[in-house]
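Starting from the given sequences, assemble the full structure and let the hints guide the process.
Okay, here's what each chain looks like letter by letter:
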Amino acid sequence: MTTVIPFGPQHPVLPEPVSLKLEIDNDVVVGVLPSLGYVHRGLEKFIDTKDFNQTMYICERICGICSGIHGITYSRAVEKLFDIEVPERAQYLRVINSELCRIHSHLLWLGLFADGFGFESLFYECWKYREDVLDVLERFTGNRVIHSMSKVGGASRDLTKEQIDQILKTLDDLEPKVKNIEKVFVNNYTVKKRLVGLGVMSKQLAYEAGTAGPTLRGSGNAIDVRNTSDYDIYKDLGFKTAVAKEGDCYGRTKVRIDEIYEAIKLIRNAISKLPEGEIATRVKGFPTGEAIIRAEQPRGEVVYYVKGNGTKNLERLKVRTPTFANIPSLLLMLPGVKLADVPIVVLTIDPCISCTER
Amino acid sequence: MLDNVIQNITEIKSMPEVLKAVEGFKSDGYRYVTMICLKANEGHELIYIFEKDNKLKNLRYFVKPGEKPKSMSGIYLCALLIENEYQDLFGLTFEGLAIDYKGHLYLTPNSPKTPLA
Numbered sequence: 001m002t003t004v005i006p007f008g009p010q011h012p013v014l015p016e017p018v019s020l021k022l023e024i025d026n027d028v029v030v031g032v033l034p035s036l037g038y039v040h041r042g043l044e045k046f047i048d049t050k051d052f053n054q055t056m057y058i059c060e061r062i063c064g065i066c067s068g069i070h071g072i073t074y075s076r077a078v079e080k081l082f083d084i085e086v087p088e089r090a091q092y093l094r095v096i097n098s099e100l101c102r103i104h105s106h107l108l109w110l111g112l113f114a115d116g117f118g119f120e121s122l123f124y125e126c127w128k129y130r131e132d133v134l135d136v137l138e139r140f141t142g143n144r145v146i147h148s149m150s151k152v153g154g155a156s157r158d159l160t161k162e163q164i165d166q167i168l169k170t171l172d173d174l175e176p177k178v179k180n181i182e183k184v185f186v187n188n189y190t191v192k193k194r195l196v197g198l199g200v201m202s203k204q205l206a207y208e209a210g211t212a213g214p215t216l217r218g219s220g221n222a223i224d225v226r227n228t229s230d231y232d233i234y235k236d237l238g239f240k241t242a243v244a245k246e247g248d249c250y251g252r253t254k255v256r257i258d259e260i261y262e263a264i265k266l267i268r269n270a271i272s273k274l275p276e277g278e279i280a281t282r283v284k285g286f287p288t289g290e291a292i293i294r295a296e297q298p299r300g301e302v303v304y305y306v307k308g309n310g311t312k313n314l315e316r317l318k319v320r321t322p323t324f325a326n327i328p329s330l331l332l333m334l335p336g337v338k339l340a341d342v343p344i345v346v347l348t349i350d351p352c353i354s355c356t357e358r
Numbered sequence: 359m360l361d362n363v364i365q366n367i368t369e370i371k372s373m374p375e376v377l378k379a380v381e382g383f384k385s386d387g388y389r390y391v392t393m394i395c396l397k398a399n400e401g402h403e404l405i406y407i408f409e410k411d412n413k414l415k416n417l418r419y420f421v422k423p424g425e426k427p428k429s430m431s432g433i434y435l436c437a438l439l440i441e442n443e444y445q446d447l448f449g450l451t452f453e454g455l456a457i458d459y460k461g462h463l464y465l466t467p468n469s470p471k472t473p474l475a
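Order-wise, the sequence lines are chains A and B. Okay, so the first sequence: first residue is 1 according to the working numbering, each after it adds one. Okay, so the second sequence: first residue is 359 according to the working numbering, each after it adds one.
Rather than coming from a laboratory, the hints here were simulated on the basis of the structure. Don't take every hint at face value.
[What the hints assert, rightly or not] With a straight-line Cα cutoff of 25 Å, these simulated DSS-like cross-link-like pairs (lysine-lysine) come out:
1. LYS460(B) - LYS422(B)
2. LYS307(A) - LYS410(B)
3. LYS422(B) - LYS378(B)
4. LYS413(B) - LYS307(A)
5. LYS460(B) - LYS45(A)
Since this is a predicted model, take the numbers as computed values, not measurements.
Following this line, the structure appears as structure tokens:
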């Protein structure tokens, strides 16, 4: 006989409200029904009242963690409508901003994850290291999480020599600290006992389920939008896709840790090659036509669709966020999992509900 | 290479042809990315987006007023969320949805009805 147990919308491991109706048989999940709608803000409708430049600030507020990449991706989509080339220095600045966002997002997730399986001191360590990255972002952009670094046509802020030195010093200090926490996440006996073999999704299943980001790559799929040829200047920076073949909670954790190292490398490379010059192109007129742009956020692929009709307002903005793509995978991962392990599996898709519902 | 919708879109005239094309994408190993919905004249326009080897392919289909498009969730399970979203926001009805929230994925009974329609 089965029992239906509500998981969320308020739950100690959930930073944002999402509800799962879990069908339980003898302490094991046999069915899942996700329920959304607790933070739906109607932002795609709200932009009717904003011009295409103001819409960038709305897009940044879709999410408080990957806000920088939301702003950059929206800007790239509208630039595609105008068919304008962004100055090379602006593309480098966007990569530096994006990768700093990725580092602080993954450190945030690692902390929440450690908290989820009851390792409080590890949680504190991860969030302590994240603060260093937020400090750098604050010096670079003026804000901790809503950066407004991008604008249609390029970047709105440049980096000074002092800021660049500060970023490099922070990364030099951060790398050994990440190595320390990596040892715990990857090698600790207790942690491995909680993660290995839990919430398994095969390579094929993860692909067919339309998952994105570390959820997809943690199952052995080397798919990362940063590998596409026209995604700013990533192709010139020696980017390597982080992949784990396990397909379980352990594999998804390893991917995120590897991505922190990769992001550090990308920022160093971007700074070493940072060209001189303008940081923005002047944009004239109003957008027309339609375009799709994808980007790789910390949680995975985000898709922006924009349609302009020659007025100052966009006719349509559609954002498909990575958590939106990853929620259906819970229907595949959770059956067979014990009730006590549900929080761990749910956390490994790094759910961002503000993104999902917009 | 990222694709611009205008340059790489196939327009399809009937729903059975859309289903056949989507099944073809599935058997060819494409990943379901998402679906875009727009208002078009009296009806709606759906743009299905698929990805393989970092290349996008798109299908465009015009939904006539009153027409109920078929759900793709039987082919790609992950299509169920976006189809439910458009039931909420545009007032569309998708036939054969794997999980049907009946217009209440996001919206409560007291919310504005079909705010993007």
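For each hint, the structure was consulted:
Between the alpha carbons of LYS460(B) and LYS422(B) the distance comes to roughly 20 Å, so the proposed pair stays at or under 25 Å and holds. With a C-alpha separation of about 24 Å, the suggested pair LYS307(A) and LYS410(B) falls inside the 25 Å cut-off, and the hint holds. A distance of roughly 19 Å separates the Cα atoms of LYS422(B) and LYS378(B); the hinted pair therefore holds under the 25 Å criterion. Proposed proximity of LYS413(B) and LYS307(A) is supported: the alpha carbons are some 20 Å apart, at most 25 Å.
Between LYS460(B) and LYS45(A) the CA atoms are separated by roughly 21 Å; this keeps the pair inside 25 Å, and the hint holds.
Violated hints are absent here; each numbered hint is respected by the structure.
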